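Taken in sequence, the protein lines are chains A and B. Residues in the first sequence are numbered consecutively from 773, following my numbering. Residues in the second sequence are numbered consecutively from 42, following my numbering.
Please keep in mind that the hints were generated in silico from the structure rather than gathered at the bench. All figures in this text were calculated on a predicted structure; none of them were measured in a lab. Keep in mind that the hints are not guaranteed to be accurate.
With a cut-off of at most 25 Å between alpha-carbon atoms, the simulated DMTMM-like pairs for lysine to aspartate or glutamate come out as follows [claimed, not checked]:
id : chain 1 : residue 1 : chain 2 : residue 2
1  : A       : Lys1159   : B       : Glu126
2  : B       : Lys128    : B       : Asp103
3  : A       : Lys910    : A       : Glu887
4  : A       : Lys1159   : B       : Asp130
5  : A       : Lys998    : A       : Asp896
6  : A       : Lys913    : A       : Glu817
7  : B       : Lys128    : B       : Asp113
8  : A       : Lys1159   : B       : Asp103
9  : A       : Lys998    : A       : Glu817
10 : A       : Lys1159   : B       : Asp113
11 : A       : Lys998    : A       : Glu958
12 : A       : Lys998    : A       : Asp1055
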Amino acid sequence: MNKSQEITWEERISGGKGDRIKPARFALPQRIDLYHISGIRPLLESRWPQFLLRALTLAGFIFTIFAGLFGSRVGSHNFSIIFVWIAWWTALKLVFIPLGGRSWCSVCPIPLPGEWLQQGGILDKGTRRFGLNLRWPKRLKGSWLQSGGFLLIGLFSALTLTDTRLTAWILLGLFGLAFVLSVVFERRAFCSYICPIGGFSGIYAKTAPVEVRVIDTAICTTHSEKTCYQNCSWGLYPVALRDSAQCGLCMECLRSCPQDNIAFNLRPFGSDLGQVHLSRHLDEAFLALVMLGSALVFSAVFIGPWGGLKSAAFAIGSTPWLLYGLAFLTLNLVVIPSFFALAVWSGERWSASKIQLRQAIASQSQVLLPLGLFAWIAFTISFALPKMNYVLSVISDPLGWGWNLLGTANTTWSPDVSAFSSILQVSLLMVGLFWSASIARRLAIRNSSPDYRQALPTLAFCLVFSVVMLWLLVG
Amino acid sequence: MKRETWSRWILIFRWVALAGLALLVVFLPIPVNATTPVKRTFRIQASQFAYSPAVLSVNPGDRVTIELTATDVVHGLSIDGYDLETKSDPGQTARLTFVANQQGSFRFRCTVTCGNMHPFMIGKLQVGQNNLLWRGVLLVGLALVAGVWGTRK
Chain A
773 MNKSQEITWE ERISGGKGDR IKPARFALPQ RIDLYHISGI RPLLESRWPQ
823 FLLRALTLAG FIFTIFAGLF GSRVGSHNFS IIFVWIAWWT ALKLVFIPLG
873 GRSWCSVCPI PLPGEWLQQG GILDKGTRRF GLNLRWPKRL KGSWLQSGGF
923 LLIGLFSALT LTDTRLTAWI LLGLFGLAFV LSVVFERRAF CSYICPIGGF
973 SGIYAKTAPV EVRVIDTAIC TTHSEKTCYQ NCSWGLYPVA LRDSAQCGLC
1023 MECLRSCPQD NIAFNLRPFG SDLGQVHLSR HLDEAFLALV MLGSALVFSA
1073 VFIGPWGGLK SAAFAIGSTP WLLYGLAFLT LNLVVIPSFF ALAVWSGERW
1123 SASKIQLRQA IASQSQVLLP LGLFAWIAFT ISFALPKMNY VLSVISDPLG
1173 WGWNLLGTAN TTWSPDVSAF SSILQVSLLM VGLFWSASIA RRLAIRNSSP
1223 DYRQALPTLA FCLVFSVVML WLLVG
Chain B
42 MKRETWSRWI LIFRWVALAG LALLVVFLPI PVNATTPVKR TFRIQASQFA
92 YSPAVLSVNP GDRVTIELTA TDVVHGLSID GYDLETKSDP GQTARLTFVA
142 NQQGSFRFRC TVTCGNMHPF MIGKLQVGQN NLLWRGVLLV GLALVAGVWG
192 TRK
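Next comes chain B alone, as it looks inside the complex:
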C-alpha cells in the first residue's frame, strides 16, 4: 500500500475514533446520586445590581420556594428555561414556588428596569450536577486533540 494511501487511512481512523469518543462524551449517561426530593426555601434580597444569595443549589425534583425581597427599588426575577417570573416592590416580599425538574445550571435575571446595570443583574440556579460543563470540558479537550492529531500535514 502506498505511503500516502496508508496516511489517509490512518487519518480516517483517527477521525472515526475521535468522533466515537465525542459521541460517548455527549450521550454516555452520568450516574446521578439518588436523593429524595425536599422542600427548599431561599430568601433572596435584591438590590442594585445583585441578588443575595446569588447562587442557589438544589437537587433535581426539589420543590423550591424563592422569597424575593427588593431592598432599594423594584426588582424582578425570571429563571432561564423555567418560564417563571415574579416582581418585588421595595420592602415587600414576593414568592415563587416551582419544582426543579430540569437539571443543570440556569441563570436568573431581573425583569424590571432597576438602573444602569439592570440588564446584567444575574444570579444562578444550580440543579444537581452540571453535566453540560463536565461534558463540555471533555469535548474541548477532544477538540484540542483533533486539532493536533486529526489534521493533515
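For reference, chain A alone in the conformation it holds in the complex:
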C-alpha cells in the first residue's frame, strides 16, 4: 500500500472513509493487532520476508537430506540428526509453538513445491494452476491420521532419531507425500490431515499468544467474494475460526482482505482454552492424549537409565522391539485414553451433569493441553540441552567428513545444565499443572458446576501424569 492509498486508523476501524466507528470491531478484548502496527505491517503484507525465510528453510531441508544420505552415519557427527532432532525439534517446542503457535508451519519447506505448483506461481498466484484439486475425503478429516503419524514416530523413534539415512528417507518421503497430495487434493491436505508435526503444533497452538481473527464479522457477511477464503492455502474461512489449531499463519487472508478487516493479534496465552465444546468429535482429544503418552515414553526411552528399554526400542523388528511396540501402543491406545475417559465419566456422574460423555471428553481434553506442552518442554530440557555441543560441532563439519569450517568441529563444551535443569523441570511441570487446573476450573464454571466435582477426576488424572513425569525426569 503506498502513501496516497494509506487510510487512517479510524477509517480502518470503521471500514471506510466517512463511516462511524463500529464498536463491534473491538469485540476481542486484551488483544494487540500486530498487523495494524506500522513497523510490523510491511513485514507481513509483503510476501518477500516470508518467502526469504521459506527459501532458507527449503535450502536447509535439502541440505539435511543430502547430509543424511551422503554424510557420516554417526548421528552425532551428522547435520541431519543434530539439526533436525536436536536443534529444530528443540526450537519447535521451546520457541515456535509456545510463542508462535503454528508459526513453523508458515515457513515449513515440506509443502512448498506442491503449493507453488497448485497455485501456478511462487510469490503470486499464476493464471494456470496444476492438480486435480479434489476435496479431502470427509471420512479422513480431523486429526486421526496425525495421531497415527505421531504414534509411528514413537514406535520407530529410537532408530529415527539416531539413524542418518533413515532420517533422510523419512524427510524425503514426507516431501514426496506432501507433493503428491498437493497434486491430487486441494490446498494443504498434507499439513491439515497428515503431518504429525502439524498436529503437534496445531493442538498446542491453542495455548500460544498469537491468532488470526476477523475484526468485524458484519463486514464479512456483506462481502460476497470471500477473497480471504479463496486465498487461504489451508482452506479456512477466517470468520469461522473457533481456535488457532488449524490456522497455519500463512497471512494470505490479511493480504487479500479488501476491507482490511483481519487482524494478526497478540493475545493472552491460552485464549482458545476453557470454551465449552459443543462438538462430539474426539480426534483432538485423542491427539492430546497421544501427546501425553508419547511424552512419557520418550522420557523413559531417552532419559531413563533402562538400557534394556533403549535396546528394545532400537532393535526394530526384533522380539524385544515387538514387545516395546505392543506396550507403547497399549499405553497410548488403551491405558491412557481409558483412564481419561473414566475420569471424565466419573466427573460427569459425580456432578450429575447432563452433557453427553463424548462431548464432555472433547471439552475436558482442553485441560490436557498446557499439561502436555509443558511436559514436552520439560522433557526437552533433559533431552537436548546436554547435547548442544553437537550443534557447534556439526556446523563446522556438517557431513562428518573431518572438516573444520568454522573451527568448532572439536567443541566438547556443553552447557552443564544438571545443576538447574531438575529445578527448571519441576517448575515447568508446576506451571503446566497450574494452567491446566485453572482451565478445568473455568470449564466447570462455564458448565454451571461451581462445586468443581466435574473437574476433580480430570485433575486427579493430570496430577498422576505430572507425578509420573516428575519421576521420569528428576527421579
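Using the hints, position chain B against chain A.
Same frame as chain A, now just chain B:
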C-alpha cells in the same frame, strides 16, 4: 465491606497461604538418616547402549569406586554435577573413585561415541534420599490447588 472487595481479600489470603506453603515445601529441612560413610565398589559393565547395573544407590559421604568394563566397543562414563570422567577400552577396566558429597539423583552418561543410541546411554547415581523429587511432588500438588483455588472466577 463490598462483596467484590471481600472476594479480593480472600483471593489475596489464598495466595499468601499457598506461597507460604510453597516456601515451607522448598526450604523445610528433611530429616536425614545419619549413616556412617563407607567404601562402596560398583563393577559396571558397559555395552551398547546400557550400563549394568544402571542404577547405583549410595549414602551421602560414601567413598564410591566405579570399575567400568566395556564389553563390546569403547565406552566412557561421566556423572552430571560431579565433574568426573573415565573411559574403558573393550575388555579393559577403568576405575573412578570419588566421595558422594552431593545428595540427590544424578545421571551418568557415556562419553565416547559408541553407536546410534550413544547420546542416550544413561545410568543413574542415587545419593541418599531424592529430596527434589518429594519436594517436587508436593509443589505440583500445590500448583494444582493454586489453579483451582487461587484464580478469579
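Hint numbers not upheld by this structure, sorted from lowest to highest: Violated hints: 6, 8, 12; rest satisfied.
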